Amino acid sequence: MENRLNVGITHGDVNGISYELIIKLLAENRICELCVPILYGSPKVAAYYRKVLNIENFSLNTIREPGEANGKRSNIINCVDDNVKVDLGKETPESDQATMIALKYALDQLDRDEIDVLTLAPQGPNAFFTEEAGSLVEYLSKRYNTTDIMSILVSEKMKMGFVTEQVKLRDVPHQVTQKNIFKKLTLLDDTLRQDFTILKPKIAVLGLNPQVNCGQNGDEEVNIITPAIERAREEGIMAIGPFSAERFFSERMYEKFDAVLAMYYDQGVVAFKSVDEESAACYIAGLPVICSMSLTDPHYDIVGQNLGDEQGLRNALYLAMDVCVHREQNIELQKNPLPHYDIAANSNESDLNVEQIEGVKEELED
1 MENRLNVGIT HGDVNGISYE LIIKLLAENR ICELCVPILY GSPKVAAYYR KVLNIENFSL
61 NTIREPGEAN GKRSNIINCV DDNVKVDLGK ETPESDQATM IALKYALDQL DRDEIDVLTL
121 APQGPNAFFT EEAGSLVEYL SKRYNTTDIM SILVSEKMKM GFVTEQVKLR DVPHQVTQKN
181 IFKKLTLLDD TLRQDFTILK PKIAVLGLNP QVNCGQNGDE EVNIITPAIE RAREEGIMAI
241 GPFSAERFFS ERMYEKFDAV LAMYYDQGVV AFKSVDEESA ACYIAGLPVI CSMSLTDPHY
301 DIVGQNLGDE QGLRNALYLA MDVCVHREQN IELQKNPLPH YDIAANSNES DLNVEQIEGV
361 KEELED
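Going by UniProt numbering, the sequence shown opens with residue 1, and the numbers climb by one from there.
Calculated directly from the structure, the hints in this document are not laboratory data. In this text the structure is predicted, and so the values were computed from the model without any measurement. Keep in mind that a hint or two might mislead.
[Claimed, not checked] Straight-line C-alpha distance at most 25 angstroms; calculated BS3-like pairs for lysine-lysine:
1) Lys85 <-> Lys72
2) Lys179 <-> Lys202
3) Lys335 <-> Lys200
4) Lys183 <-> Lys142
5) Lys104 <-> Lys157
Kindly produce the complete structure, drawing on both the sequences and the hints.
And the structure:
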């Protein structure tokens with residue numbers, strides 16, 4: 001009880017299913033046993049949805065700052081206008097504004113270490129356009145003044161990062177460069193080690209074209225992706241590929257790797273969800289703070305019908321907490337380090353050769 005984390009949760013789009021998911025999640029007694037939940041949103045909107053959904057025996061403790069949180073209850077900080085309009089099932093400029101107000105408020109307190117981690121409930125697809133950003137990753141990149149940032153989809157069966165995020169398809173080839181691929185491989189490798197405590201990650205790299213070794217479909221694999229992989233391997237990163245995306249997933253090659261690096265978001269996200277959407281969540285890597293989000297959509301079509309499934313939000317909350325614990329463990333290990341082992345200096349064929357991973361050599365040679 002004494003070392004529970006202060007977990008912030010932003011309310012997402014007030015017109016979607018976010019409040020339904022949040023209320024269902026926080027109504028579970030075990031949540032308050034694991035952490036101190038602090039919702040950033042509106043007590044009035046929460047009360048409205050509780051009434052609409054006919055959810056009894058649930059209440060929120062209203063506080064002004066995290067230091068006032070009741071460790072035995074779910075807490076809420078009122079950070080939006082009490083008169084915010086709820087328009088069920090429709091994303092509106094007002095709901096997008098409420099989304100961003102809560103997010104900024106929570107991030108400010110996260111930056112000041114008043115909360116330990118932050119989890120985002122589903123927001124509308126246009127919310128970040130109010131900040132001249134096309135996605136959460138782009139918004140956070142600007143806020144923290146870094147380009148070394150990446151969304152990582154996480155489930156029990158797979159972890160997946162992306163060279164390019166949610167950009168227009170026509171812009172993808174211009175962003176798939178040796179430099180960007182190497183940067184993303186480095187970030188993914190560092191994140192797997194530090195935030196997921198994987199000592200020596202094996203990373204599969206997807207190709208850009210449908211048939212990776214067929215020059216008729218493009219030469220990005222030969223001229224861009226393979227050199228980036230080779231550079232990463234020289235730095236001690238166990239990166240292997242490029243693989244044809246279709247064959248990689250149809251033959252379940254992902255089971256042999258700790259993570260997958262896709263060239264663009266749409267290339268990987270559909271396959272990822274088809275493999276294991278039930279346990280999935282999204283982690284934003286490369287930040288000085290810990291931020292996760294649900295992969296659940298706002299689902300405007302079922303708002304108010306009590307049909308929302310809170311599992312995705314639960315996954316995101318647990319993911320953020322796990323990363324926080326892993327980081328603390330790494331800090332302790334650094335205080336009392338084991339003898340140093342330089343992977344790059346000590347690597348050999350048994351370390352980095354594709355033959356080590358059964359079944360992938362043929363894919364690279366085809």
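Against the structure, the hints:
A distance of roughly 31 angstroms separates the Cα atoms of Lys85 and Lys72; the hinted pair therefore is violated under the 25 angstroms criterion. In summary, the hint linking Lys179 to Lys202 is supported, as the alpha carbons are separated by about 20 angstroms, within the 25 angstroms threshold. In summary, the hint linking Lys335 to Lys200 is supported, as the alpha carbons are separated by about 20 angstroms, within the 25 angstroms threshold. For the proposed pair Lys183 and Lys142, the alpha carbon gap of about 18 angstroms is at most 25 angstroms, so the pair holds.
A C-alpha spacing of about 32 angstroms is found between Lys104 and Lys157, which places the hinted pair above 25 angstroms, so the restraint is violated.
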